[in-house]
Amino acid sequence: MTLEIIGITVLWTFLFGYLIVASIDFGAGFFNAYSLLTGRQHILTNVIQRYLSPVWEVTNVFLVFFFVGIIGFFPKTAFYYGTTLLVPASIALILLAIRGSYYAFETYGSRGHKGYSFMYGLAGLFIPAALSIVLTISEGGFITMVNNAPVLDYRALFTSPLTWAIVVLSLSAVLYISAVFLTWYANKAGDKEATILMRKYALLWSFPTIITAVGIMVELRSHNPEHYSNMLDIWWAFGLSFLLFVGTVWLLYKKRSYGAAFGLLVGQFLIAFFAYGFAHRPYLLYPYLTIYDSFTNEAMAISLIIAFLAGLALLIPSLYLLLRLFLFNKDYVRGKKDNHA
Amino acid sequence: MGNEEAVFFSRVLTELTLSFHIIYATIGVGVPLMIMIAQWVGIKKNDEHYILLARRWARGFVITVAVGVVTGTAIGMQLSLLWPNFMELAGNIIALPLFLETFAFFFEAIFLGIYLYTWDRFENQKKHLLLLIPVAVGASFSAVFITIVNAFMNAPQGFDVVDGSLVNISPLLAMFNPAMPTKVAHVVVTAYMTTAFILAAIAAFRLLKGSNHVYHKKALYLTMKVGLVFSIATVIIGDFSGKYLAEYQPEKLAAAEWHFETGGNAPLILYGVLDDGEVKYAIEIPFALSILAHFNPTAEVIGLDQFPEDEVPPLYIHYLFDLMVTIGMSLVGLAGLYWLGKLLKWSFVDSKLFRWLIVLGGPASIIALEAGWWLAEVGRQPWILRGIMRVEDAATTSAHVDTMLLLFAGLYVVLGIGTIVVLSRMFRKNPVERELEDRHIERGGDIS
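If you're matching them up, the sequences are chains H and G in order. Take 239 as the starting number for the first sequence in the numbering used here and just add one per residue. Take 317 as the starting number for the second sequence in the numbering used here and just add one per residue.
Any given hint could be a false lead.
[What the hints assert, rightly or not] Here are the in silico distance ranges between beta carbons for each label pair:
#1 H:287 to G:597: 55 to 61 Å
#2 H:391 to G:328: 34 to 40 Å
#3 H:567 to G:732: 51 to 57 Å
#4 H:402 to G:590: 56 to 62 Å
#5 G:732 to H:399: 26 to 32 Å
#6 H:508 to G:497: 52 to 58 Å
#7 G:587 to H:550: 50 to 56 Å
#8 H:504 to G:481: 40 to 46 Å
In case anyone wonders, no lab produced these hints; they're calculated from the structure. For each residue, glycine too, the CB sits at the ideal point set by N, CA and C.
Generate the whole structure from the sequences, applying the supplied hints.
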């Protein structure tokens, strides 16, 4: 394994972590707002708050880790993506900032403004949409070099079906992942009403997710044939991912072992995400930037990897402690104990 | 948009984001330590007042930390969005501390979540206090690592440029650059100092506004003592910073001190105005600049005459320097007087006027903090990486920076107002007196 591959694997893993934890967070915000609208707030709010409160800050760190890490391992990305992403990334940042801080304001400060809950729920959908544009851009065709500087063609970007397919996938995946997780969590909390409702949402969003995912592959066939044929080479990985999807839906449908259903879902996304990334390689930005020509120097790469391993040794036990105290602690999940400061 | 405009707006947006973020970042570094001290004192003395103090600070801290996190995310990404050329270069040499910072932040975030939601979960309070240690360590180390990056911008090393490409890169050498010791120490210690004075201001304000509860007196005494210790430390580190500048960034020192001509027996110029290149109405302290720069009243101090005109920082940084030093010294005096007054039982330290001065100390310390950062950043101009890369060569070529500036300015207004409203509502709705009653706290000893 070369240093380049180690570097991108580390980053891709953290991006995957962000995808899962942020999806749960964003989706939860949306379901909360939606239940307000339909007058079913009493069913969901408690479950959602119990899960989100101690972990929301950790979610954010996954994203920071990714964009700081990519500058470290692949400094040239700063030039290409930094220059072109000013507008979409700024919008995502502003939404993230409002959403994150108002979550704290509302939870710890004062409760109960409806307009706020709607804003919060909607922002949670706009953020993945804005962030997913980065993946679209990386497929190539939207950036041209003008006077040695990359320029993003917004017109081409917003009129491309690929863009919208990826946006739709990001939204339905957010809602699907979140719903499956919350079904499990509500069930653990012994909250029957919430479990029934979340299970319904999970089943509802499973099909748009899988249909758009397939649609994107078809779209890529004409947009980026090289990526498409690389994906076909590892068709078995996508097939396996699909089987896991079927497993999740089946378990949900049968109302059985929601924990396992969520486990299968993570497996499904993990395999699909890494297979997609594997086929995307070596390009970071097609066709200008590969992981090889943008890679940092060897001294920096090695020191970053050492730092990463040392950091991981610290993080894994801490994350385990966090999960044990809140996610896997029956009294906490069931709301019997609230030891907030 | 012409590139000159992009450079200008990139500078304004970065300055705005940093000026806003630094308030929350500083509180974020300082408050965990203060909570730790209060909780520790509470456990040691078996005094529930201090425990409640820790608990209430922790509650307020959640709000500031949330804004700190999101604005920190903003500045982290803005570095790449607004200064892509700089980050491409920096990524090659100084990415290690940036990367380490995310780990420190990660560590802090995890344990903060745990700490906040485990009050009263342990029989033994000490176990709960243990959970705060990683929060405080993570917060302080975030500051250390980020400040190392800033130090590198002032005194870059750990690489060579041969034919326009970077060779012989040593990430560790880049981290441990000459600016690092004084800068890191100054940032961390002033964060503790600023936080202590902000919290002292709140306690003094409550005492002035009718509450005469011993809880606030304890809070005031504790925070002023901590403030005194760290403000004295700041003075000592400030002196070392002067010596660092004289050796490695003489143009910054000379511009801040309006030291135009190289020479020995250099006096320190305080205040004054610059009129057509001439200093007027200033206070001159003989030999002081030579002492600040070299520990020696006759030593030669390099002046601005040694630098080409386009490499001299703007001279207005002198005012920023004066502002920072004046406030810092006044706070040392205020805290020292308070401590001495308490020791010798002078009644005037409990007078209304004195308490108003302490209240004033809170905002003043934030102004000093801002002035210090503006001095540090403007004093490095025209360089983004001293001697290697100029600010105008680092900026983005993207259009729309001006629009983004407006959007972010709006965001900071919303967040700033939100913080104030939420914090004041949070504490007004649940005053100390009521919370003490609700919790049936009777175990509370005397001050000190």
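Each hint tested on the structure:
no.	hint	in the structure
1	H:287 to G:597: 55 to 61 Å	60 Å, holds
2	H:391 to G:328: 34 to 40 Å	27 Å, violated
3	H:567 to G:732: 51 to 57 Å	37 Å, violated
4	H:402 to G:590: 56 to 62 Å	58 Å, holds
5	G:732 to H:399: 26 to 32 Å	42 Å, violated
6	H:508 to G:497: 52 to 58 Å	44 Å, violated
7	G:587 to H:550: 50 to 56 Å	53 Å, holds
8	H:504 to G:481: 40 to 46 Å	43 Å, holds
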